[in-house]
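What follows is each chain in one-letter form.
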Amino acid sequence: MNKLARELLFPLIAVVAAFIVGGILILLVGDNPIVAYRLLLGSALSWPDGIGYTLFHATPLIFTGLAVLVGFRCGLFNIGAEGQLYIAAFATAWVGITFANSSSWLLIPMCFAAAILTGAFWGAIPGVLKAKFGSHEVINTIMLNFIAVALVSYFTQYHYKVPGDPILQTAPIGPSAYIPHLGRFIPGLPERIPLNLAFILALLCCLLVYLFLWRTKWGYEIRATGSNPFAAEYGGISIRKQIILAMSVSGALAGMVAINEVLGNRHRYYDGFSDNYGFTGIAVALLGRNHPVGVILAALLFAALQHGGIYVDGFSEHVTKDIVQVLQGVIILFVAAEGFFKWALGRRLPWNV
Amino acid sequence: MRDIFTLSLIASTIRLATPLVLAALGGLFSERSGVINIALEGKMLAGAFTAAALTHAAETSLGMGAASPWIGLLGGMLAGLFIAAIYALSCIKFKADQVVSGAAINILMLGMPGLLSGAFFLSSGSTPQIPKDHLLPQSPLVIAITILALVAGIWYVVYKTPFGLRLRSVGENPEAADAAGVSVARIRYSGVLLAGILAGMGGAYLSIGQSSLFTRNMTAGRGFIALAALIFGKWRPVQTLLACLLFGFTEAVSIQMQGVFKLPSGDDIPVQFIQMVPYVLTIVVLAGFIGSSRPPRALGIPYQKEK
Chain G
3 MNKLARELLF PLIAVVAAFI VGGILILLVG DNPIVAYRLL LGSALSWPDG
53 IGYTLFHATP LIFTGLAVLV GFRCGLFNIG AEGQLYIAAF ATAWVGITFA
103 NSSSWLLIPM CFAAAILTGA FWGAIPGVLK AKFGSHEVIN TIMLNFIAVA
153 LVSYFTQYHY KVPGDPILQT APIGPSAYIP HLGRFIPGLP ERIPLNLAFI
203 LALLCCLLVY LFLWRTKWGY EIRATGSNPF AAEYGGISIR KQIILAMSVS
253 GALAGMVAIN EVLGNRHRYY DGFSDNYGFT GIAVALLGRN HPVGVILAAL
303 LFAALQHGGI YVDGFSEHVT KDIVQVLQGV IILFVAAEGF FKWALGRRLP
353 WNV
Chain P
1131 MRDIFTLSLI ASTIRLATPL VLAALGGLFS ERSGVINIAL EGKMLAGAFT
1181 AAALTHAAET SLGMGAASPW IGLLGGMLAG LFIAAIYALS CIKFKADQVV
1231 SGAAINILML GMPGLLSGAF FLSSGSTPQI PKDHLLPQSP LVIAITILAL
1281 VAGIWYVVYK TPFGLRLRSV GENPEAADAA GVSVARIRYS GVLLAGILAG
1331 MGGAYLSIGQ SSLFTRNMTA GRGFIALAAL IFGKWRPVQT LLACLLFGFT
1381 EAVSIQMQGV FKLPSGDDIP VQFIQMVPYV LTIVVLAGFI GSSRPPRALG
1431 IPYQKEK
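As they're listed, the protein sequences go chains G and P.
Be aware that the first sequence starts at 3, since it is given in the numbering used here, and climbs by one per residue.
Be aware that the second sequence starts at 1131, since it is given in the numbering used here, and climbs by one per residue.
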């Protein structure tokens, strides 16, 4: 049994098992699972809309999946990607509004920096709290999610909303901060599909995260801290530094969701824009076995489901797009409880897993 | 400041704190046994949806009248128990990561009520309205007495009974408890299942007590506020109750205060800053700035019995 097959086995079993559970639920609510699943997954494969939207939805999930991955590799659980991407999205919009008259060559890098640095800052807070006071990053990131949402909603409502706008959103950013939709470069892909340069950036980040974690000293130290903090400390690695570093990198990656959303899609900060990207990122990282390539595959699966959810809502009698979240939850549950499969299949597997 | 401490504010504080108290006390059983409970949110959603759906069913199909909210409450508790059983199996039997399983339960329960209500009520995530006279008791006095009795009972169980002693020892030092003949797994199952029942009850009070129907994601983070209250209350029943009252008070203030509370400059105090209070306090307390809040020592660590 080679390593790759083993890495793929449990995620695949988890997905299949989740679809079986989901299928039973669909039957219970009175629809045909095969029809529902065809709507859910089939629509993602059509060109150009299905593929275009699936890749667009996959973009934030790749970023948040990578964010959770970097945390996990250091033994940390970043549940705070949601808050990090909210605060980063607002900061990005702020830069895009405040310096709206700058040229693209200046404004786009400034917006990128805003997204990355603000995300990194918001991620560093629980890192510092853990390193200095030993307080659990899970609790702190949960709390910081709520604080981020409240803060950003305050600034939007009181300072950056267009007066009279009934929607809680900021004024638009300057057009020079827009990044192009990929439709401009790819023949056959209409420009109305919001898939934009951020997708390419997300793929690039997968490569960078891989190089960072597996080819640099810092990355090695993060992984050493994650796999055995005591041994790492004994080996002369400062665990505290690694915790803060990993949380900052994690936050920076989550913050990059802002590039897709603010510069590439809506061109403003919009309250509630995130469709649980931060939490789905947990599912993406886990299903992707905490590897950048796995993250891409898992992000594509969840993005396809997210896109297909709209069709399920529209064309099936009983099932709603809520089935997507149910599937996500069950997939994570199964991935987490790997022991369940080992227990259920244990003696029947021909090799020792 | 004087005029905001009105009787109606106190009453609404008690009402708003009730779901938090129930969920937080549930979380206490689970966390004192060593199992992290970030799934309180999901269990509350399960309880809230089931309670509203069952109350409606009992009322319309079975003609149970005034008894129907009690059927709903029971259903909510059972729903919390059911979800907790899944969580317990995953964390205790299969030694899954507790935080990951908890996150999974929360995501699952965001979707499940919508899926079921779409099928049963042909609605997009909410249950039908229940008439005012078929809801759980609203009187602040009745609620306050019930809650006080519950807290006293839980305090007694945790500190004065053999079960409570075992619960605390399993959360602090499972190896020693095991060596003394306590079944770590059994105590943890009890802790997590009790948490499910209480969180389900808290959810039920949200949908058929404070409100009169279930709406999509109606807990809106209350499971996490309950968790915050548990930490702020240092994992002790009485302090946790006080923390819930404080957080219920901030919620009551943020509801009542809009447009009422003025700064000297004439501006309103933005409601967002009041909403942040529980979260900021929790971070501050957890970092040890105001007294120290120390979690049970074995919190979050699956127990592997030595062979």
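Be aware that one or more of the hints could be misleading.
Claimed, not checked - Below, simulated SDA-like cross-link-like pairs (lysine to any residue); rule was C-alpha separation at most 25 Å, straight line:
(1) P:1223 with G:292
(2) G:5 with G:15
(3) P:1225 with G:12
(4) P:1435 with G:233
(5) P:1225 with G:123
(6) P:1225 with G:343
(7) P:1223 with G:233
(8) P:1223 with G:219
(9) G:219 with G:123
None of these hints come from the bench; they were simulated from the model.
Since the structure is predicted, the reported quantities are computational estimates derived from the model, not experimental observations.
Quiz prompt | Hints that the structure is at odds with (numbers, increasing) | solution = Checked against the structure, the hints that fail are numbers 5, 7 and 8, while the rest are satisfied.
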